[in-house]
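Protein chains: 2
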Amino acid sequence: MPRSGRRPGQSGSREKIIAAARSHFAKDGYDHATVRAIATTARVDPALVLHFFGSKHDLFVAAMELPFDPSKFIPEIVAPGVDGLGERLVRRFIGVWDSREGRHLVGLIRSVVSHEGAAKMMREFFTHAVLGKIVSSLDISDPERRASLVASQLFGLAVVRYVMKLEPIASATPDELATWVGPNLQRYFTADLGTLAPQVVRGSGR
Amino acid sequence: MPRSGRRPGQSGSREKIIAAARSHFAKDGYDHATVRAIATTARVDPALVLHFFGSKHDLFVAAMELPFDPSKFIPEIVAPGVDGLGERLVRRFIGVWDSREGRHLVGLIRSVVSHEGAAKMMREFFTHAVLGKIVSSLDISDPERRASLVASQLFGLAVVRYVMKLEPIASATPDELATWVGPNLQRYFTADLGTLAPQVVRGSGR
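Protein chains in written order, with this note's numbering: chain A, 1 to 206; chain B, 1 to 206.
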């Protein structure tokens, strides 16, 4: 049911698009959900979806009610170069979570951990739209491995600080956390992490 | 209602103790739950609790249906000395999660993230009974800070591997993960992490 793309009834269309987007992202994941399928479910023209939201990326940010678009921070984190990248990322990550808007991110953690669909779509979005962009801007080997390792540390940091409230992480300042955790992210971004199939290492354990 | 400590009716007492323990650990946390209070709720003598379970620590492991007692692995991880400690811990941690018994640990992650009470009691148990023991065996500065940082990486690793299933972490072998992540834990255990109040650093960010 294509609409004209003009004012009357558009606020209703916007809500229908958001509802359809949530359903498709949860069911198909971020990668496989398409603007066309979302438009069909919402019974609007795909052009209207793009008119309202600009892109699938921006539609996702709106549908998930993310308090910010994480990809917006990438240029400032990456621009100064590789040196200090880990610390800048921690400081910015914690800064967003600590902000007024970041408070509802704990709900996002809970849904990612509780629901397979939420886990899949956030994993894909986070990997491609955020960490993937940072890592690809570095032009380094093994971008997926590095991105998943960085994700493991940042996700765990958020859980320990905001859910488990383990001290002293819970009360530390963003700068303190940047000092403590930043160099570990830096290693994930830049260090030689060993080969992907370390047969030599295997068996040296127990 | 003290019992005689002998056979008849003891299986019922055991279940009452377990039920009382779950309730007290969830309500009071691990640190503040006492064997005496649990015995009172279960209407048994505290000596019977210790007869069945040995200690509050062991009662917790039984009540939470942990598939293993994590503190049992500490000697083998710590005994060879500080060198390679991070890699040994990752290998053992992942080995337990990958095991048949470890499969239901994902449920534990979910309850820790969903319920304040579960988060508090697991935080206290994990910190004191597991990481605290490892860190105190090292005789190093800032044991709590180091333990909480290690917890952040291990918890995030478990979420990314078993809940979000992010590749290549999801399919990596324990030895691969030990190679990738071990040195980062090693830094948390042994490196100079900066002062706790880095006024100098503060303001150098944005």
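Treat the hints with care, as some may be off.
The list cannot tell twin chains apart, which means a pair is met if one copy fits it or any two copies do.
To be verified - Derived DMTMM-like pairs (lysine to aspartate or glutamate); straight-line CA-CA distance at most 20 Å:
| id | residue 1 | residue 2 |
| --- | --- | --- |
| 1 | 165 | 31 |
| 2 | 133 | 45 |
| 3 | 133 | 15 |
| 4 | 16 | 144 |
| 5 | 16 | 58 |
| 6 | 27 | 144 |
| 7 | 133 | 98 |
| 8 | 165 | 69 |
| 9 | 27 | 65 |
| 10 | 72 | 15 |
| 11 | 165 | 144 |
| 12 | 56 | 98 |
| 13 | 165 | 116 |
| 14 | 16 | 83 |
| 15 | 56 | 28 |
| 16 | 56 | 142 |
| 17 | 56 | 192 |
| 18 | 133 | 101 |
| 19 | 16 | 98 |
| 20 | 165 | 83 |
| 21 | 133 | 144 |
| 22 | 133 | 31 |
| 23 | 165 | 58 |
| 24 | 16 | 192 |
| 25 | 27 | 98 |
If you are wondering where the hints come from, they were derived from the structure by calculation, not from laboratory data.
Here's how the hints hold up against the structure:
In this homomeric assembly, residue 165 and residue 31 come within 20 Å of each other (Cα to Cα) only across copies, at 15 Å, whereas the closest approach inside a single copy is 33 Å. For the homomeric pair residue 133 and residue 45, neither the shortest alpha-carbon distance inside one copy (30 Å) nor that between copies (61 Å) is at most 20 Å. With identical chains, the CA atoms of residue 133 and residue 15 are never at most 20 Å apart, being 30 Å at best within one copy and 53 Å at best between copies. In the homo-oligomer, the alpha carbons of residue 16 and residue 144 never lie at most 20 Å apart, since the shortest distance is 35 Å inside one protomer and 49 Å across protomers.
Proximity of residue 16 to residue 58 under the C-alpha cut-off of 20 Å is restricted to the intra-copy arrangement: shortest distance 16 Å within a copy versus 54 Å between copies. In this homomeric assembly, residue 27 and residue 144 never come within 20 Å of each other (Cα to Cα): the closest approach is 23 Å inside a single copy and 41 Å across copies. In this assembly of identical chains, the alpha carbons of residue 133 and residue 98 never lie at most 20 Å apart, being 23 Å within a copy and 31 Å across copies at closest. Taking the shortest Cα distances, residue 165 and residue 69 never come within 20 Å of each other, neither inside one copy (25 Å) nor across copies (23 Å).
For the identical chains of this complex, residue 27 and residue 65 are intra-copy neighbours only, at 17 Å inside a copy versus 33 Å across copies, given an alpha-carbon limit of 20 Å. In this assembly of identical chains, residue 72 and residue 15 lie within 20 Å of each other by CA distance neither inside one copy nor across copies; the values are 24 Å within and 54 Å between. Only between protomers do residue 165 and residue 144 lie at most 20 Å apart by alpha-carbon distance; the minimum there is 13 Å, versus 29 Å within a single protomer. Proximity of residue 56 and residue 98 under a CA criterion of 20 Å is satisfied in neither setting, with 27 Å inside one chain copy and 36 Å between copies.
In this assembly of identical chains, the alpha carbons of residue 165 and residue 116 lie at most 20 Å apart only when taken from different copies (10 Å versus 25 Å within one copy). Taking CA atoms no more than 20 Å apart as the test, residue 16 paired with residue 83 passes in neither setting, with 45 Å inside one copy and 58 Å between copies. Taking the closest pair of Cα atoms, residue 56 and residue 28 come within 20 Å of each other only inside a single copy of the chain (13 Å); across copies the shortest separation is 46 Å, beyond that limit. Taking the closest pair of Cα atoms, residue 56 and residue 142 never come within 20 Å of each other, the shortest separation being 26 Å inside a single copy and 46 Å across copies.
In this assembly of identical chains, the alpha carbons of residue 56 and residue 192 never lie at most 20 Å apart, being 35 Å within a copy and 44 Å across copies at closest. Taking the shortest Cα distances, residue 133 and residue 101 never come within 20 Å of each other, neither inside one copy (23 Å) nor across copies (38 Å). Taking CA atoms no more than 20 Å apart as the test, residue 16 paired with residue 98 passes in neither setting, with 32 Å inside one copy and 43 Å between copies. Within a single copy, residue 165 and residue 83 get their C-alpha atoms no closer than 30 Å, and across copies no closer than 30 Å, so neither meets the 20 Å cut-off.
In the homo-oligomer, the alpha carbons of residue 133 and residue 144 lie at most 20 Å apart inside one protomer (11 Å), although the nearest pairing across protomers, at 34 Å, exceeds that limit. Taking the closest pair of Cα atoms, residue 133 and residue 31 come within 20 Å of each other only inside a single copy of the chain (15 Å); across copies the shortest separation is 44 Å, beyond that limit. Neither within a single protomer nor between protomers do residue 165 and residue 58 lie at most 20 Å apart by alpha-carbon distance, with minima of 32 Å and 24 Å respectively. When the C-alpha separation of residue 16 and residue 192 is checked against a cutoff of 20 Å, the pair qualifies neither within a copy, at 48 Å, nor between copies, at 54 Å.
Taking the shortest Cα distances, residue 27 and residue 98 never come within 20 Å of each other, neither inside one copy (30 Å) nor across copies (28 Å).
Violated hints, in rising order: 2, 3, 4, 6, 7, 8, 10, 12, 14, 16, 17, 18, 19, 20, 23, 24 and 25; the structure is consistent with all others.
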